[in-house]
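S.K.: Taken in sequence, the protein lines are chains W and B.
Quick note: the first sequence, position 48, residue 48 per my numbering, numbers continuous.
Quick note: the second sequence, position 64, residue 64 per my numbering, numbers continuous.
It cannot be assumed that every hint is accurate.
Within a straight-line C-alpha distance of at most 30 Å, the following computed DSBU-like cross-link-like pairs (lysine-lysine) qualify [unchecked claim]:
1) W:22 <-> B:58
2) B:37 <-> W:36
3) W:41 <-> B:57
4) W:40 <-> B:42
5) B:22 <-> W:36
6) W:40 <-> B:22
7) B:58 <-> B:71
8) W:9 <-> B:71
9) W:53 <-> B:57
10) W:40 <-> W:9
11) B:57 <-> W:22
12) W:38 <-> B:22
13) W:53 <-> B:58
14) B:58 <-> W:41
Quick look at which bits of chain W chain B covers, simulated, 3 or more residues with Cβ under 8 Å [what the hints assert, rightly or not]:
15) 16-27
16) 43-56
17) 61-73
Far from chain W, by Cβ distances over 12 Å, these chain B residues were calculated [as the list claims (entries may be wrong)]:
18) 46
19) 52
20) 63
21) 71
22) 83
23) 100
24) 105
25) 108
What the hints contain is simulated information worked out from the structure, not anything from laboratory work.
Note that this is a predicted model, so its numbers are computed, not measured.
Ideal placement from N, C-alpha and C gives every residue a C-beta, glycine not left out.
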Amino acid sequence: DTEVTQTPKHLVMGMTNKKSLKCEQHMGHRAMYWYKQKAKKPPELMFVYSYEKLSINESVPSRFSPECPNSSLLNLHLHALQPEDSALYLCASSQLTGVVNIQYFGAGTRLSVL
Amino acid sequence: GENVEQHPSTLSVQEGDSAVIKCTYSDSASNYFPWYKQELGKGPQLIIDIRSNVGEKKDQRIAVTLNKTAKHFSLHITETQPEDSAVYFCAARFSGSARQLTFGSGTQLTVLP
Numbered sequence: 001d002t003e004v005t006q007t008p009k010h011l012v013m014g015m016t017n018k019k020s021l022k023c024e025q026h027m028g029h030r031a032m033y034w035y036k037q038k039a040k041k042p043p044e045l046m047f048v049y050s051y052e053k054l055s056i057n058e059s060v061p062s063r064f065s066p067e068c069p070n071s072s073l074l075n076l077h078l079h080a081l082q083p084e085d086s087a088l089y090l091c092a093s094s095q096l097t098g099v100v101n102i103q104y105f106g107a108g109t110r111l112s113v114l
Numbered sequence: 001g002e003n004v005e006q007h008p009s010t011l012s013v014q015e016g017d018s019a020v021i022k023c024t025y026s027d028s029a030s031n032y033f034p035w036y037k038q039e040l041g042k043g044p045q046l047i048i049d050i051r052s053n054v055g056e057k058k059d060q061r062i063a064v065t066l067n068k069t070a071k072h073f074s075l076h077i078t079e080t081q082p083e084d085s086a087v088y089f090c091a092a093r094f095s096g097s098a099r100q101l102t103f104g105s106g107t108q109l110t111v112l113p
């Protein structure tokens, strides 16, 4: 099973709302990632968790708050977003050992901020 | 910072023809180069990858070649089919970046029936 499951698939929120994106994998991967992808652009790395600890934060605004409650789950909490935050949010996971770094991506959450 | 350049940005081919997408990278110590395919409404899916100690890898109609001296790698798709139509991203893992991948800008491939 190489599946990464993201929920919800679509989300519309106002600028004052609080919402959360969820990601789940059962491949035993100990690295998990959040990416942001705008239309016709490559994924942009936001956060990396290694062994459930935040290891990389790519200068992401504090209105995005990641959380890794256990080795299978990754959340992204959203608060006071701006319209320019509308994008596809992708979760990925990978092994933490070896040269090969196959990242398995979920289908993403399409977020619209009104 | 480290950089991956990808060309062309769009590519149209007739069904049955071959398609080639090229990428160059900046860090000569990079050691891992995956290619991802992203269909509309889906997340990127790995289609083939190559490590820096290998010059070429093939999987059915798909092949990747790596030229470490020139710091470029290419995706070759033969006998293209309409279902190959998608956006393709190359990526590289740079020597100091742990698990991070740097992606190219993407190529929209359209296979015309």
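S.K.: Each hint: holds or not?
M.R.: Hint by hint, here is what the structure shows:
With a C-alpha separation of about 36 Å, the suggested pair residue 22 (chain W) and residue 58 (chain B) falls outside the 30 Å cut-off, and the hint is violated. The suggested pairing of residue 37 (chain B) with residue 36 (chain W) holds, with an alpha-carbon distance near 17 Å, which does not exceed 30 Å. Under the criterion of a C-alpha separation no larger than 30 Å, the hint pairing residue 41 (chain W) with residue 57 (chain B) is consistent with the structure, at around 27 Å. Our distance criterion of 30 Å between C-alpha atoms is met by residue 40 (chain W) and residue 42 (chain B), whose separation comes to about 13 Å.
Proposed proximity of residue 22 (chain B) and residue 36 (chain W) is supported: the alpha carbons are some 24 Å apart, at most 30 Å. At roughly 18 Å between alpha-carbon atoms, residue 40 (chain W) and residue 22 (chain B) fall within 30 Å of each other, so this suggested pair holds. Restraint check: the Cα-Cα separation between residue 58 (chain B) and residue 71 (chain B) comes to about 19 Å, which is no more than 30 Å; the hinted pair holds. This hinted pair does not check out: residue 9 (chain W) and residue 71 (chain B) have alpha carbons roughly 38 Å apart, beyond 30 Å.
About 35 Å separates the Cα atoms of residue 53 (chain W) and residue 57 (chain B), which puts this hinted pair outside 30 Å; it is violated. For the given pair, residue 40 (chain W) sits about 19 Å from residue 9 (chain W) by alpha-carbon distance, which is consistent with the 30 Å threshold. A C-alpha spacing of about 35 Å is found between residue 57 (chain B) and residue 22 (chain W), which places the hinted pair above 30 Å, so the restraint is violated. Our distance criterion of 30 Å between C-alpha atoms is met by residue 38 (chain W) and residue 22 (chain B), whose separation comes to about 22 Å.
This hinted pair does not check out: residue 53 (chain W) and residue 58 (chain B) have alpha carbons roughly 37 Å apart, beyond 30 Å. Our distance criterion of 30 Å between C-alpha atoms is met by residue 58 (chain B) and residue 41 (chain W), whose separation comes to about 27 Å. Counting residues of the segment 16-27 of chain W whose CB lies closer than 8 Å to any CB of chain B gives 0, so the stated coverage by that chain is violated, three being the minimum. Here's how the segment 43-56 of chain W fares: 6 of its residues keep a CB closer than 8 Å to some CB of chain B, so the rule of at least three is met and the hint holds.
Interface restraint, the segment 61-73 of chain W with chain B: violated (0 residues with C-beta to C-beta distance below 8 Å; minimum three). With a cut of 12 Å on Cβ distances, residue 46 (chain B) falls inside the contact zone with chain W, its closest approach being about 6 Å. With a least beta-carbon separation of about 8 Å from chain W, residue 52 (chain B) fails to lie farther than 12 Å from that chain, contradicting its non-interface assignment. Against chain W, the non-interface label of residue 63 (chain B) holds: every CB pair exceeds 12 Å, the least being about 18 Å.
Every beta carbon of chain W lies more than 12 Å from that of residue 71 (chain B), the smallest distance being close to 18 Å; the non-interface claim holds. Taking the minimum C-beta to C-beta distance to chain W, about 18 Å, the non-interface status of residue 83 (chain B) holds against the 12 Å cut. With a least beta-carbon separation of about 6 Å from chain W, residue 100 (chain B) fails to lie farther than 12 Å from that chain, contradicting its non-interface assignment. Listed as a non-interface residue, residue 105 (chain B) fails to keep its Cβ farther than 12 Å from every Cβ of chain W; the least gap is roughly 6 Å.
With a cut of 12 Å on Cβ distances, residue 108 (chain B) falls inside the contact zone with chain W, its closest approach being about 8 Å.
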